[in-house]
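Chemist: Take a look at the letters that make up each chain.
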Amino acid sequence: MTAALLIDIILWGSVAVVGFIALRRGRTVLTASVREGGKDFINIVPRVALGVIGSGYIAAVIPQEIITGWLGPDSGWLGVLSAVIAGAATPGGPVIGFSIGAVAIKAGGGAPQVIAYVVAWALFAFQRLILWEIPFMPARFVWFRAGVSLPFPFLAAAIAMAIGRP
Amino acid sequence: MIVIAVLVAASVVLVWRRDGVDGVLQILTSDLTLFGGILPRVLAGCLLGAFIAEILPHEKVARSLGPASGIKGLLIGTAFGAILPGGPFTAYPVASALLTVGADFGATIALVVSWTLIGYGRAVAWELPIMGTDFTLWRILISLPLPVLAGALGRFVYVRMYPKDAP
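Read top to bottom, the protein sequences are chains W and Z.
Counting in this note's numbering, the first sequence tops out at residue 169, every number present.
Counting in this note's numbering, the second sequence tops out at residue 956, every number present.
Don't take each hint at face value.
[Claimed, not checked] Label-pair ranges, simulated between beta-carbon atoms:
1) L933/Z / A142/W: 39 to 49 Å
2) T922/Z / N46/W: 34 to 44 Å
3) R807/Z / A19/W: 43 to 53 Å
4) R143/W / A857/Z: 43 to 53 Å
5) L153/W / V913/Z: 26 to 36 Å
[To be verified] Partial list, computed: chain W residues near chain Z (C-beta under 10 Å):
6) I10
7) S17
8) V20
9) G54
10) G111
11) L134
12) I137
13) V151
No lab work stands behind these hints, which were simulated from the structure alone.
Ideal placement from N, C-alpha and C gives every residue a C-beta, glycine not left out.
Start from the sequences and build out the full structure, keeping to the hints where you can.
Modeler: So, in structure tokens, the structure goes:
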């Protein structure tokens, strides 16, 4: 709860700072940006509503055991590949993503595979893409971004293998 | 939007067949609570994006984050993504705003990838307590070069995919 409160304070603090800068540029600049931001907000709310309310159902029909099963112990590059797919397919927020990673480590999963899982989850988790990235960003950018990000979970796993950490 | 709506509708039916009306309602109430909590943050993110689009001098953004900004632009994008406060409700509107005021795909990719991989918010709030310090620190260390590489790859591919947009 305190972490959420802190995030809210930093967030609204930043809004206040940039809003103040806008105000100093003139009242019209301030009202124009507030109107623009308000318009974005109204446009985005239905999509966020669909995403947030809908994603709970999507998460409910994907059993977590399947995902942990994919993160087999010391499975080499095949394990890394399944970890990447599992990361992209993991539903829900950070608690679920990291908890599955923690379970995988405890269950004997290799560190490079878990690194690949966490990185892939951060880059491609479909729920975040659908819920947040696509509503706010141009769709062309999102697909392009996801496409060029593809090699990086594998690169992260390769670095982890090379340095033998964590 | 339509694809997502269909996906959600199918999932609702699956939940309903498995858990009945109670299961559907239980998810609905918890998601509505989440939605209510997120709403003010979405507003803050939209305002932040709009203010940033308004107050940042466009020609300066185009110069320091545009297609010709080189590795420096990718580094600025990475640094900005790492320090960006808040969650997805801030990161994506701000990234979108930068895109409209002249940042190129490369620098924006660096920003988004940096926010998601080395941004402190999620690491401190979730990864550290759940995964432990050792894993988190090594994971972030390994991730450090990735935003710049992703941005560079993005630029490399972009000018070949959309040659007419090239500087």
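Chemist: Output the indices of the hints that this structure fails to meet, ascending.
Modeler: 1, 4 and 10
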